[in-house]
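A.B. asks: Just so you know, we're using my numbering here: the sequence shown kicks off at 2 and counts up by one.
Do not take every clue at face value.
[Claimed, not checked] DEER-style ranges, computed between Cβ atoms:
| id | residue 1 | residue 2 | range |
| --- | --- | --- | --- |
| 1 | R234 | F382 | 39 to 45 Å |
| 2 | E61 | Q367 | 33 to 39 Å |
| 3 | A109 | F382 | 52 to 58 Å |
| 4 | N132 | E61 | 20 to 26 Å |
| 5 | A109 | L353 | 16 to 22 Å |
| 6 | P58 | D418 | 39 to 45 Å |
| 7 | P58 | A109 | 40 to 46 Å |
[As the list claims (entries may be wrong)] Cross-link-like lysine-lysine pairs, in silico, PhoX-like; alpha carbons within 20 Å at most:
| id | residue 1 | residue 2 |
| --- | --- | --- |
| 8 | K350 | K339 |
| 9 | K73 | K36 |
| 10 | K36 | K25 |
| 11 | K26 | K94 |
| 12 | K328 | K313 |
| 13 | K350 | K18 |
| 14 | K370 | K350 |
| 15 | K144 | K119 |
| 16 | K36 | K119 |
| 17 | K350 | K372 |
| 18 | K94 | K25 |
Since the hints were derived computationally from the structure, they do not count as laboratory data.
Source: prediction; values computed, not measured.
Even for Gly, the Cβ is constructed at its ideal location relative to N, Cα and C.
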Amino acid sequence: MITIDGRILAMKAGLGKMFCRISKKLETMEIPPLKNDKEHHNDDGPVHINYAHFQTPLAEAFLQAGNELGYKTIDYNNPDEPVGFSYLQTTSKDGMRCSSNRAYIHPAKSRENLLVTKNTLVSKVLIDDNNRAIGVEYIKGGKTYQIYANKEIILSAGAVGSPQILMLSGIGPGDHLKEMGINPRVDLPVGENLMDHIAYGGLIFHINQPVGLHIYDIVNPINPYLSEYFLYRTGPLTLPGGCEALAFLDVDDPNNHTAYPNIELLFASSSFVTVSTARHNLGVADDVWQETYAADEDSYTWMVFPMLLRPKSRGKILLRTPDIESKPIIIPDYMADKEDVRILIEGIKATLRISETKAMRRFGSQLFKSKFKACQGIEEFTDQYWECAIRTITMNIYHYSGTCKMGPKGDLTAVVDSRLRVHGIQGLRVADASIMPEIMSGHTNIPTYMIAEKLSDMVKQDWGYPV
């Protein structure tokens, strides 16, 4: 799902067609029902798209539940069908993650004009007296080195790393840089406009049949799950984080199936109750686990993460010290805007309606009644209760973006222009999720690849090479 808040304006500018062209350029669609759709998909790009090589009966039931509620089973990367239910499309090949490294770097690693240096930390961009980026300083093996560029530098360190490096280079909010003892070269709102997708993590349902995934089943040597994966790259270990399906909904206009989604429901045929590693990965606090979930860890469950797609809240990135090895300060400011809480509550209610369908009831689905200490005394399942629960166990989805915002020169909130050049600095561009003016209403993986693909075309154009 790739939609942006200004999509009508984007379509008028011809960007809609450009998005489709770039997304097709990068993908090899391997899902049989979808790969024949040549208008929206491609079959010779570097990034392979598949369904996982394993599906539980619960995932099929989740799609059937959507049908019961009047939703289609869709290709959610087809812009004509933005609302509906689907199995999860994954960037995977032969049952393994098809990462940017596997898709782009490995095929190019023997090129004479490419050198990849590992275990290397860029500490700052080197800028001359004319405000031109001329190289980078980096640390490797405990030593500091400098390397110089003949043409330009492209910074791609992510929505946390890119603003940190820019600020350490003297590009950022002037007052903050002075506080850090850094001489400001250009006063720009670097680190502002931090956005992320967050999801409520406590919506878990018990079932009375062993049709989901449980950690005991996965590691049990009687079952073939481990051997299936290591020998054939099939089975439940091919599932990304245990997630099998999803739904995109507009919870404010649920009957409009061409609407602009504001909630994603990410479905897993297990939960952190039944897969102990998941609770550690998701950061569920030990006291919350013991008070609320520990007694039920032998049961079979499924869960949905209602994920906020268009947050109104904004955070920021600040330097902790003027040292690249000092982690920056991340101030996410999640749910500072009450509208974000309201939309998440509506996503919870949509999930409860799914749990009450015949498709999910046939497995005996019952809501796990979380007993959060912080919410004691509040009437269960009221909006006030759900807000308390959301503020107790909501987690981020690692989709940081927006901290080097793209915008025209006169935009006081912008860091880079439409060709991703840093305002006020020659020879320096940024290419990662940090340049997004608004977070995408879907996962940020493919859109970030698209930014890189588009930049590669622009660099060729700007230096006189054919595209």
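A.B. asks: Would the hint linking K94 and K25 be met if the CA-CA limit is 20 Å?
C.D. replies: holds, 17 Å
A.B. asks: Between E61 and Q367, does the beta-carbon spacing fit 33 to 39 Å?
C.D. replies: violated, 20 Å
A.B. asks: Are the Cα positions of K73 and K36 separated by 20 Å at most?
C.D. replies: OK: K73 and K36 at ~19 Å, within 20 Å.
A.B. asks: If I claimed the Cβ atoms of N132 and E61 lie 20 to 26 Å apart, would that claim hold in this structure?
C.D. replies: violated, 58 Å
A.B. asks: For a C-alpha distance cap of 20 Å, please report whether K144 and K119 respect it.
C.D. replies: holds, 14 Å
A.B. asks: Verify the CB-CB distance for R234 and F382 against the hinted window 39 to 45 Å.
C.D. replies: holds, 42 Å
A.B. asks: Compare the distance between the alpha carbons of K26 and K94 with 20 Å, and conclude whether the hinted pair is satisfied.
C.D. replies: holds, 17 Å
A.B. asks: Quickly compare the C-alpha distance for K350 and K339 to 20 Å and report which way the hint goes.
C.D. replies: Within the cut-off at roughly 17 Å; holds.
A.B. asks: Does the beta carbon distance between A109 and L353 stay inside 16 to 22 Å, or does it fall outside?
C.D. replies: Cβ of A109 to Cβ of L353: about 48 Å, so the range 16 to 22 Å is violated.
A.B. asks: Taken at face value, is the distance from the CA of K350 to the CA of K370 at most 20 Å?
C.D. replies: holds, 14 Å
A.B. asks: Please verify whether K328 and K313 have alpha carbons no more than 20 Å apart.
C.D. replies: violated, 26 Å
A.B. asks: Mind checking the alpha carbons of K350 and K372 for me, to see if they're no more than 20 Å apart?
C.D. replies: Holds, at roughly 18 Å.
Checked against the numbered hints listed earlier, the structure breaks hints 2, 4, 5, 6, 12, 13, 16; every other hint is satisfied.
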